[in-house]
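K.L.:
Take a look at the letters that make up each chain.
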Amino acid sequence: MRAGLLGLVIGAAAQLAAPLVFLLPAPASAAVNVVATTTDLASLVREVGGNLVSVESIVPAGVDPEAFEPRPGDLSRLRHADLLMRVGLGYDYWLDALVRQIGDKRLMPGGEANVDASAGIPLLEIRGQSVVSEGGHAHGVANPHYWLDPDNAVTVTASIADALVRIAPAQREQILANRAQFLSRLATARARWSETLAPFAGTKLIAYHNSWPYFARRFRLDVVAFIEAKAGVSPSPAHLAQVISAGGKANVRAIVHEPYEPDDASRLVARKLSVPMARLAITVGSIEGTNDYLALFDYNVATLAKALGARSPLAQ
Amino acid sequence: MSDALALLALPFAASAVFVLMHAYLGVHVLRRRIVFADLALAQLSALGASVAFANGYAATSAAGFGYALLFTAIGAALLTLTRTLARYVSQEAFVGIVYVVATAATILVVDRAPQGAEHVKKILIGSILTVEPADVAKFAALYAVIGLLHWIARRPLLALSIESSPAGRTRAAVWICDFAFYLSFAIVVTSSVTTAGVLLVFSLLIMPAVIGSIFSDQLPVVLLIAWSAGIAACAVGLTASYALDLPTGAAMVTAQAGCLLLAGLAKVLLFVGIGERRRNLRIAIDALATAVLLSLLLSSAWLMIVPAGDQPILALVESATGIGPTRFLGAGQRDAYESAARDAVRFQGEVDRLDALEKAARYQGTPLSDDEVRRIASYQKTFNEMTRGERFVQEILRGKAQTRARWIIGVPGMLVALTGLLLLTRRHWKGYLDSRPPSVE
Chain A
0 MRAGLLGLVI GAAAQLAAPL VFLLPAPASA AVNVVATTTD LASLVREVGG NLVSVESIVP
60 AGVDPEAFEP RPGDLSRLRH ADLLMRVGLG YDYWLDALVR QIGDKRLMPG GEANVDASAG
120 IPLLEIRGQS VVSEGGHAHG VANPHYWLDP DNAVTVTASI ADALVRIAPA QREQILANRA
180 QFLSRLATAR ARWSETLAPF AGTKLIAYHN SWPYFARRFR LDVVAFIEAK AGVSPSPAHL
240 AQVISAGGKA NVRAIVHEPY EPDDASRLVA RKLSVPMARL AITVGSIEGT NDYLALFDYN
300 VATLAKALGA RSPLAQ
Chain B
0 MSDALALLAL PFAASAVFVL MHAYLGVHVL RRRIVFADLA LAQLSALGAS VAFANGYAAT
60 SAAGFGYALL FTAIGAALLT LTRTLARYVS QEAFVGIVYV VATAATILVV DRAPQGAEHV
120 KKILIGSILT VEPADVAKFA ALYAVIGLLH WIARRPLLAL SIESSPAGRT RAAVWICDFA
180 FYLSFAIVVT SSVTTAGVLL VFSLLIMPAV IGSIFSDQLP VVLLIAWSAG IAACAVGLTA
240 SYALDLPTGA AMVTAQAGCL LLAGLAKVLL FVGIGERRRN LRIAIDALAT AVLLSLLLSS
300 AWLMIVPAGD QPILALVESA TGIGPTRFLG AGQRDAYESA ARDAVRFQGE VDRLDALEKA
360 ARYQGTPLSD DEVRRIASYQ KTFNEMTRGE RFVQEILRGK AQTRARWIIG VPGMLVALTG
420 LLLLTRRHWK GYLDSRPPSV E
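Residue numbers (numbering that gives the first Met the number 0), protein chains in the order written: chain A, 0 to 315; chain B, 0 to 440.
No lab work stands behind these hints, which were simulated from the structure alone.
Simulated crosslink set (DSSO-like; lysine-lysine; CA at most 27 angstroms straight-line):
no. : chain 1 : residue 1 : chain 2 : residue 2
1   : A       : K271      : B       : K137
2   : A       : K203      : A       : K248
3   : A       : K203      : A       : K305
4   : B       : K380      : A       : K229
Part of the chain B face toward chain A, derived, beta carbon under 7 angstroms:
no. : residue
5   : T129
6   : A376
7   : Q379
Computed footprint of chain A on chain B, listed as stretches where at least three residues anywhere in the stretch have a Cβ under 8 angstroms from a Cβ of chain A:
no. : segment
8   : 244-258
9   : 345-358
We treat Cβ as the ideally placed atom computed from N, Cα and C, and that holds for glycine.
For reference, chain A alone in the conformation it holds in the complex (with noise of 0.2 angstroms):
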């Protein structure tokens, strides 16, 4: 019922600003226009569509994307894609209304407009066929943060690739190089990461949210316990007792925070522990210095790197 209200309001919205579009700079017609959900699967789309795209995203970075509500002007941006880029798994679960909105066959799932990025993907923490709310995480099929495991990103360019070859046929080759480009500049920084990130294998780390398993697994990471206990709630004293005395035990070594998250109970975490604070990105461009791809596991590496080295309490 609120979707509906939601979505007729949108679309009252949309229709009166329709009129409004004409004026807008018309995009250059021989680009490929792609929306992406994330910031993160737009870089990734930068990257392999190089000049051949303009690409926009719908959740401003710093942004979370799974408290993400739609706005009137993601209408008009859809209803101009040539490409639609999600992450699926119910992370960007509000997509479904916007594209049902705008009516286009093309662009509601199953469309060949619509690309989920989380296809082929080998997944973690399977969770059921549906979108439920269990464990304290409102994910979906699986837990839906695969792209901060680099090697995912060799998967997700090839979703990519495909469907902008499909749609500009004529540029294959030059998709295709740019993608090799890619692979490659990430294979080389991928070894430097696991480089940095070796000495600390099997360190045990207390997250705020449950977003790092794929980033845990690929650098040997040990998340034993998370701060919030449902997504959005902020923890009773109960749960930060638990998480506390399971740190204690646990011997952890840092506490790993997205931007966008309260910080106050992270801090008393740090603060009981006597252990420092990382700030770590889970979207490209929620932290300075993360505007790209490669960037985000650029920063996220040295960051976690520099907060297991010195162990000086609240580093951030």
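Given the coordinates of chain A, work out where chain B should sit on it, guided by the hints.
P.N.:
This is chain B only, laid out in the frame that chain A set:
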């Protein structure tokens, strides 16, 4: 237990400091009959903190405090002005407008800021659980200064709280006194909102003061009762939040309300004459009995109309007595229900076991290959589907059991409820007839 003490000592100290200051201001607010003014000021302070937040300052920083204080001071000035307008329209109307506009403006201001939604929520429910030692010391020092100033100016302030234009005072003096009151109020609210949240600040202002005012109109007595009740309720709220695993701020607000309810009951049942006490007790018992009988009546009717629907009271009885829905099933169906319950647990156990296996392999032993991870994922998907299937079977059988229980439970339940209600009404009807003056014949 020591875990709990270590975690709750600071929030308790902070809430005690808050109660001492806020309950006192609450007494003034009650006497001025502008209860919602403090909610409006608290929200304005939240708006100020949000403007600071959108500009990149932390709410607890000096700039954050400055912005919040500025907005609250503007609110204080507005409230002072509305006292003169109160002749035309009730002051409450202006207070309501200030509150709603401040709330809407807060949402607009932080709309596009990172963490904006989180910030709006935090302003509402606060984060008293994670208060830091330095903050508590800061609050105590600030409130000591304001408390001292109020002690010095207690006479004119109290006089103004009781009547709006006391004799023998010039208009300017009234305005200055009013503004000084609102400003000190603004400083207090500004300091506490970022930690305790709008909801808790409002309840700490009003509820202890109301409890005190129920029992006395002597300021020292009112304050003493308000402080003890407020601090006790905070302790109960914090303990409940720990023991029952609840969000702290909301639990404390509810505890204040519970304390107010108890105080109200104590007032009508204990602190009145013996005759009135008996009458009040009877009213309370009748009200309780009516509520219980009415819910029994509605619940029985609901069970008979939609047996397979949600039956909240029946579920409550089931979980309290341990009598499951299987009682109304035949032997075969009962076995099916029980084996479905067992299998659901077993399949879920398999999912959890695979989860643990995969998680352990992330950081110890040989890492799992992508294909091994995919295989685990596909097993988990299957087990998840099977768990859901078993839960579905349980749901269907529960519906069947309730359909069978429909008349067996519904009819007697309804009869008991109707008889009870009839008896209650008859007694009151007789009482009503007896109390009527005899008619002239």
